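Residue numbers (this note's numbering), protein chains in the order written: chain A, 1 to 260; chain B, 1 to 271.
What the hints contain is simulated information worked out from the structure, not anything from laboratory work.
For clarity, every value in this text was computed on a predicted model and none was experimentally measured.
Any given hint could be a false lead.
[What the hints assert, rightly or not] To give an idea of the chain A side of the interface with chain B (calculated C-beta under 10 Å), a few residues: (1) H148; (2) L152; (3) I155; (4) G166; (5) P170; (6) A171; (7) R251; (8) H253.
C-beta atoms are modelled at their ideal positions from N, C-alpha and C, and glycine is treated no differently.
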Amino acid sequence: MRRLLATAGPPLLTVAIAVGLWQLGVTLTGVPDYLCPSPFEVAAAFAERPGPLLAATGRTAAATLLGFGIAALLGVAIGTLLASVEALRRGVYPLTNLLQMVPVVAVAPLLTIWFGYGLSAVTASACIVAIFPVIANTVDGLRSVDPHLRELFDIYGAGRAQRWWGLELPAATPSIFTGLRIAAGLAVIGAVVGEFVSGFADHRAPIGIVILTAIREARTDLVFAAILCSAAVGFTLFGLVSGAGHLVLRRWHPSSRSTP
Amino acid sequence: MPPSPTSPAPTHADPGLAAPLGVRLDGVGRRFGDLDALRGVSLDLAPGRLVAFIGPSGCGKTTLLRIIGGLDHATAGRVTYDGGPRPPSALSFAFQDARLLPWRSVLRNVALPLELAGAPRPQREARARDMLARVDLADFADARPHTLSGGMQMRVALARALVTRPRLLLLDEPFGALDAITRVDLDDELRRLWRADPMTVLLVTHSISEAIYLADRVIVLAPRPGRIIDDIPVDIPHAARAPAVRTTPDFVQRVARAQAALERGVRAAAR
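One chain only, chain A, in its complex shape (with noise of 0.2 Å):
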C-alpha cells in the first residue's frame, strides 16, 4: 500500500494541480467556454448524459480491445515466422518497417470500404497500427536470443518446438511486452480515427462520432468529457498490459525485480 502510494502519489498530485491551473486560467482569463470549458464544465458535462457517454466508451472500448488482442495474437505469430525464416527477415521485414510510415488517417475510409460501417472497420484500424510494434519487438526479441542459451539447446538435441516453447518465446517475452505496451496506446488512437470514418452515426454511435457531433453543435465541454473517455480506455489498456507482464516476468527479468 505505501509502495502504491509512493509510486502513484506524485503523479496524481500533478494532475490536480493541473486540473487547479487550468481551472484558475479559465476563471481569471475569461475564456468563452465554447474555446475551453473549465474543468467543472467538463465534469458537469459528463454527469448531464453519463448513460450514452458510457456507453459509447464502451463500444471504442470493445473495438479497441478486439484490435489490440488480433494485433498481439497476429503480431507475434508474424514476428515468429520473420523471424525464423531467413527469406522472409530479409525480404519482408524492412517492407513492414515502412508500411507502419503509411498513415492510418489515411488508410482508414479503405477500411470502409472493405469493411462497411461499423466494429469490423473500427477493429481494422485498431489492428493496423497495433501490429506493427508487436512485429517489430517480437523480431527484436527472438533475433537477440543469447546464442550461448542456444548452443546450449543444440547440445542436448533440442527439437524445433522444444527450442520455440523452452528457449525463444521465454527469452522474447520481455522484448514481445514492450511491443504489447506501445500497441495497447496505438491501438485507442487507430480505434478512434477508424470511428471518425466509419463509425455508426446513431444510437449505436461510438466515442469518436460522439466527439464528431459535439464539435458540430459546438458542445466543446462534451468533447472534452469525451476525449478523457477515450483517453481512460487506453490507460485502462496499457495498464493491463502492463500488470500481466510483470506478473509474467517478475519472477526472473531485472526490469521487474522489486529492487531491496
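Following the hints, complete the assembly by docking chain B onto the known chain A.
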C-alpha cells in the same frame, strides 16, 4: 523390472551400463580462414580418465573441446568415440558461464537436458532433485538462478551437465570466473562427482595447478598453430589429493614441467 520414480529417461542408457567413453583424435586440424587454430593433434584419451588441457589464450584448447563435443568440426583429421561415431546423448558440457535459463527455477534448469530428451516430468524432476542434493543445493530447487552466487550457479550448471549421467563430460574453464577459494571447493566437488560416477572428463583450464590437482594426465598446448607440446602423466593417487598435496615434491615437479612446456610453446610462437 518396474520403473522406479528415479529410473533414468528411456532415451538414456542405464547408468550401470553407461561405460565411460574413450576418445581418439587422429591428426585433427582446424583452420579459420588463414589462421591455423589447431594442427596435427593426435591423442588417445582412455575411457574413465580425467584429462586436463592447458595452454595460453589462442592455443586452440577450447576449439579442440568444441570439436570433440560436436559444436565445431575439424577441417583435417578425425575424431572417433570408442572406435565409432559420436554416440547421441552421451556427452555433456559445462562452460565458464553457467548458462542457466533465468526464467526457470534451479530445479527445472537442472532437469532441462532430460526434458529435451523427452523424459516424463516426475522422472526428470526426481533425478534433478537427486543431482541437486549431490551438489549441496537441495534447498535451492525453487530459487531463480539470479538469486544464487556465482559459485552456486556453477554448481547448478555442473548438476545439469551430470543429470544425464554422461559418458563423456566436457568442461570448458568451468570455474575460471570464480574466486580462488570457491574454485578449490568446486575442484574437490568435481573430483568427488567424477569418482562416484564413472565417466571420461576433459577439462580445459588456464590454471596449471588446477590441472595437475585434478587430472590423471595433462596435455599442454602451444599457440600458432595450436598443437600439443607436452603430455604429462599425473600418477598421484586421487585419494591422496587434498589441498595439501600442492606442496609435495611430486606435485611441484609436475607444475614446473608444465610451466616450462608453456613457456617453450610461447617462445616458439613468438619467433
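Hint check:
| no. | hint | in the structure |
| --- | --- | --- |
| 1 | H148 | holds (5 Å) |
| 2 | L152 | holds (5 Å) |
| 3 | I155 | holds (5 Å) |
| 4 | G166 | holds (7 Å) |
| 5 | P170 | holds (5 Å) |
| 6 | A171 | holds (8 Å) |
| 7 | R251 | holds (6 Å) |
| 8 | H253 | holds (7 Å) |
Taken one by one, the earlier hints all hold for this structure without exception.
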